[in-house]
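> Read top to bottom, the protein sequences are chains F and H.
Numbering-wise, the first sequence is residues 1 to 618 according to the working numbering.
Numbering-wise, the second sequence is residues 619 to 775 according to the working numbering.
There's no promise every hint is true.
What the hints assert, rightly or not - Coverage of chain F stretches by chain H, computed from C-beta distances (three or more under 8 Å per stretch; other residues unrestricted):
| # | segment |
| --- | --- |
| 1 | 192-206 |
| 2 | 373-379 |
| 3 | 569-576 |
| 4 | 583-591 |
As the list claims (entries may be wrong) - Only part of the chain H face toward chain F is listed, based on derived beta-carbon distances under 8 Å:
| # | residue |
| --- | --- |
| 5 | TYR721 |
| 6 | LEU722 |
| 7 | HIS727 |
| 8 | ILE738 |
| 9 | GLY742 |
| 10 | VAL745 |
Bear in mind the hints are in silico, worked out from the structure with no lab data behind them.
Every value quoted in this text rests on a predicted model; they were computed, and no experiment measured them.
Glycine included, every Cβ here is placed at the ideal spot set by N, Cα and C.
Residue strings, one per chain:
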Amino acid sequence: MRARKVSPGALAGLLVVMAGAIFLAACSTTSSTGNVIPLPVVTISPVSASVQAGQPMQFTATVVSSTSTTISWSVNNVLGGNSTLGTVSTTGLYMAPAAVPNPPTVTVAATSSAETHPYGAAIVTITAPPVSPTVTVTPTDTTTPAGTSAQFSASVNGAASTAVTWSVNGVAGGSSTLGMITASGLYTAPSALPSPPTVVVTATSQADTSQAASATLEVTAGNTAPLYVNLGPNGNTGNPATNYYNGLFTTVTVCLPATQNCQIIPNILVDTGSVGLRILDSAFSTVPVDELGIIQDSNGNQIQECVQFGDTSYAWGPIFYAQVEVGGETATSVPIQILGDTTFVVPASSCLSLGIGPNLDNVATLGANGILGVGTEVQDCGLNCAGGATFSGYPYYICPSNVCQPAPVPLVQQVANPVAFFAKDNNGVEIVLPSISVTGAPTLPFTKPDGSGLIPAGQLIFGVGTESNNAVGSATVYALNANGNFPTIVFNGDTHTSDGFLDTGSNALYVSDPTTLGIVNCSDNPYYCPATPLPLDLTLEGANGSSGMATLSIANADDLIATGSAAFNDLGGASGEGLSTDYFDLGLPFFFGNSVFVGIAGTTAPASVSAPNGYYAF
Amino acid sequence: MEDKHGWGLGRTVWAILFILVLGTAPAWAVLGEPEASVSADGQFLRGQIRDEVHPGYRLHQITDASGAVVREYVSPAGKVFGVSWQGPFVPNLQQLLGSYFTYLQQYAHSQTGRHGGPLIIKNGNFVFSSGGHMGWRHGHAYVPSLLPTNLSPEVVQ
């Protein structure tokens with residue numbers, strides 16, 4: 001809105017009319033003697049005006065008839081005015097108040113000091129100052145792999161038109177080398193990395209081209225997904241108990257097979273300790289889950305799965321074929337599991353008795369929208385579930401007439417590692433996380449992933465030795481044993497043959513060998529609280545005879561949590577009761593400051609290492 | 619490794635005594651029950667059964683179709699004082715733990731805040747741990763009051 005301007009000609013006309021009216025009023029006043037005598041009359045100019053809040057307006061008073069030419073100025077009869085009504089100086093300079101008063105009209109009066117009545121008065125309407133349209137863009141900081149798209153949105157406040165013009169590095173609509181952006185803000189990265197790889201996406205108000213807002217976007221390699229460590233979707237609520245410490249999250253896109261009907265789902269836990277993509281039904285809002293590709297047996301019974309986790313938590317739900325896109329890679333049709341599907345609320349009774357702990361069918365218990373299992377296997381069960389034999393803990397079911405029973409599922413129908421289904425870069429992953437400092441110095445972003453302010457903590461790179469960004473180089477290759485573990489871990493001179501593994505889905509260093517027996521468990525959280533940090537120098541040995549050192553430590557979890565950080569490289573907890581038979585579950589702390597390759601069983605391992613059960617390299 | 623707890627039973631000892639039976643008969647017992655309860659849950663695990671006699675306890679071990687190994691540990695008094703499991707999947711703990719399953723139900727939800735790590739329960743009557751990763755689960759449970767004298771809980775593995 002612009003202030004209404006009053007033209008000089010109109011003011012002159014009004015002045016004549018108003019002055020006449022005041023003069024007539026003055027003339028109608030008679031003295032006590034009854035004689036009509038000239039009374040002091042002051043005229044004011046202009047007699048009507050609009051002034052923007054906070055802006056000045058000069059008034060001029062003329063003494064028509066008075067014994068005194070001294071004028072006093074007032075606003076709504078308040079001499080000199082005030083901050084609410086506006087002020088007026090002794091020379092008639094009116095300064096409108098900073099805020100529009102209520103009502104928005106005031107009277108500025110010029111009064112002769114000789115006679116206070118009648119006087120000259122002007123009606124002033126205070127108007128709101130014009131608002132410059134403000135533009136905001138979300139997300140403000142994001143990444144997208146080469147060749148993929150990222151949706152930006154802009155909002156414009158203070159202008160009738162909310163239309164914006166999008167540009168990349170100042171080029172309207174972008175370019176083939178910087179990436180293109182549509183009128184609706186859909187940015188598509190070029191297939192080759194721009195140089196530098198970070199571009200600035202700007203939305204400019206079409207109503208006021210001086211107003212714009214920008215966001216930065218880093219184009220990452222076409223095999224790379226961002227990793228976040230941010231307390232999870234339940235975190236940052238003010239209740240530390242709901243914070244997901246050392247939770248590693250990424251974003252996946254799930255599409256109905258062979259369609260462009262896709263949904264971007266954030267807050268997916270990246271888990272090297274499991275296999276397959278599992279997503280909460282509640283995470284789907286635009287893609288109809290029941291239109292995913294149904295997976296059923298030859299009699300038309302949909303396959304259900306009871307998935308167990310080591311801590312006795314569990315989840316139940318049907319499996320479907322879906323197109324899965326992560327970090328620029330696409331699996332066009334891979335079996336995934338939907339958790340918390342209301343079609344089958346009640347799991348098989350045997351699933352309930354297997355899963356004693358929480359049912360991970362909602363965000364509150366899962367702590368994520370889903371789990372992306374990128375472990376060392378292709379299928380989550382394998383030949384054990386394909387042959388017809390069942391056993392205690394068997395995961396796959398059919399439920400004809402709502403009575404569930406174990407059922408064999410061929411390999412091609414089993415929930416599978418999406419990485420193995422990519423067209424390229426399909427032999428494993430590399431987890432890259434930065435070094436972080438010890439206690440009390442949070443260095444990784446831990447804002448909630450609400451679509452703004454996201455800064456990735458690290459990278460999930462697909463493929464091992466398939467691209468320039470995933471070369472194994474001089475990293476040591478550790479072939480895994482038949483259980484998918486290091487066959488041997490040496491700690492404090494003790495050789496543990498009770499297995500150990502690396503697991504981004506475990507949020508601490510879970511250890512309880514005889515040395516850690518003396519560590520105090522925290523009283524108010526399920527972690528260790530040693531008085532002083534415990535050095536945890538491990539010698540890890542592969543099934544191929546390779547070995548290497550991991551220099552870790554376990555600090556006091558109470559102190560760590562008190563820092564408010566989301567990421568800790570020294571969070572530890574018990575994996576047992578301290579028996580020599582307890583094992584090493586080396587969770588996310590192991591991965592900070594490291595690049596860890598996880599190779600899928602059946603692929604060719606680097607350096608001619610024989611690794612039929614998969615491998616790690618770091 | 620060396621035994622650091624002074625129980626005098628190292629890994630080497632428990633490999634000494636012998637396979638008594640090899641067969642495929644369904645048979646099981648549950649924690650805290652007499653050994654005679656072996657047949658009660660016979661239907662839920664099928665596979666190779668191996669019985670061993672060790673100093674201070676007897677061991678029944680069954681390997682099922684998935685390669686999972688479940689072991690039960692029987693005291694000289696004839697009570698199952700411990701069970702353990704290791705394999706691709708967690709066995710049916712309700713059947714394996716018998717009446718002690720209620721402890722598990724009671725405590726499984728109390729260890730909040732951990733993610734992905736093992737479940738540890740330890741109180742006077744019941745010790746339990748369960749962990750691992752997909753494709754390899756293991757755990758054990760024992761009843762301290764039923765543990766034979768001079769026997770380390772480390773035998774339950």
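> Okay, the segment 569-576 of chain F and chain H, do three or more residues pass the C-beta test at under 8 Å?
Since three or more residues must qualify, the claim that chain H covers the segment 569-576 of chain F holds, with 4 doing so at under 8 Å.
> Given a cut of 8 Å on the nearest C-beta pair, is the interface hint for TYR721 of chain H held or broken against chain F?
Since the shortest Cβ distance to chain F is 10 Å, the answer is violated.
> Measuring from the C-beta of VAL745 of chain H to each C-beta in chain F, is the shortest one below 8 Å?
holds (6 Å)
> The hint names HIS727 of chain H as touching chain F; please verify it with the least Cβ-Cβ distance against 8 Å.
Given a least distance of 6 Å, the restraint on HIS727 of chain H holds.
> How does the segment 583-591 of chain F fare against chain H when you require at least three residues with a CB closer than 8 Å, holds or violated?
This one holds; 3 residues, not fewer than the three required, reach chain H with a Cβ under 8 Å.
> With 8 Å as the cut and Cβ atoms as the points, is GLY742 of chain H at the interface with chain F?
Interface hint status for GLY742 of chain H: violated (13 Å vs cutoff 8 Å).
> Hold the hint about ILE738 of chain H up to the distance rule: shortest CB distance to chain F must be less than 8 Å.
holds (5 Å)
> Closer than 8 Å, Cβ to Cβ, for at least three residues: run that test on the segment 192-206 of chain F against chain H and report holds or violated.
violated (count 0)
> Counting residues of the segment 373-379 of chain F with a beta carbon closer than 8 Å to any beta carbon of chain H, are there 3 or more?
holds (count 3)
> Min Cβ distance, LEU722 of chain H to chain F: is it shorter than 8 Å?
Holds, about 5 Å.
Violated hints, in rising order: 1, 5, 9; the structure is consistent with all others.
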